[in-house]
Amino acid sequence: MNSNVIADEKKTAEKTTVKDYVCGMDVNTDKALKAEHDGKTYYFCSKHCEETFKKDPSKYLKK
1 MNSNVIADEK KTAEKTTVKD YVCGMDVNTD KALKAEHDGK TYYFCSKHCE
51 ETFKKDPSKY LKK
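By the numbering used here, the letter at position 63 of the sequence shown is numbered 63, and the numbering carries on one by one without gaps.
Please keep in mind that the hints were generated in silico from the structure rather than gathered at the bench.
Misleading hints may appear alongside valid ones.
[As the list claims (entries may be wrong)] Dumping the calculated DSSO-like pairs for lysine-lysine here, alpha-carbon to alpha-carbon at most 30 Å: (1) Lys-62 / Lys-47; (2) Lys-47 / Lys-34; (3) Lys-34 / Lys-59.
Turn these sequences into a full structure, and let the hints guide you.
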């Protein structure tokens, strides 16, 4: 495999991975649960984290 292809794969993976605002886990945006708040999309590793965030978004956005 060519090194440019490997670099592109890593770059793509980095672009689609974000932190879950509740537990801090890295999540893939393509597969994660999500919620909208103030016009922005937030991603979560589990239904528990999604529901916890929705109950009090400001608590997690202050971190």
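Practice task
Verify the proposed pairing of Lys-47 with Lys-34, using a straight-line Cα cut of 30 Å.
Solution key: holds (9 Å)
Practice task
Take the C-alpha atoms of Lys-34 and Lys-59, compute the straight-line distance between them, and say whether it is at most 30 Å.
Solution key: holds (17 Å)
Problem - Pair hint outcome, Lys-62 versus Lys-47 [Cα-Cα no greater than 30 Å] - result: holds (21 Å)
Checked against the numbered hints above, the structure breaks none of them.
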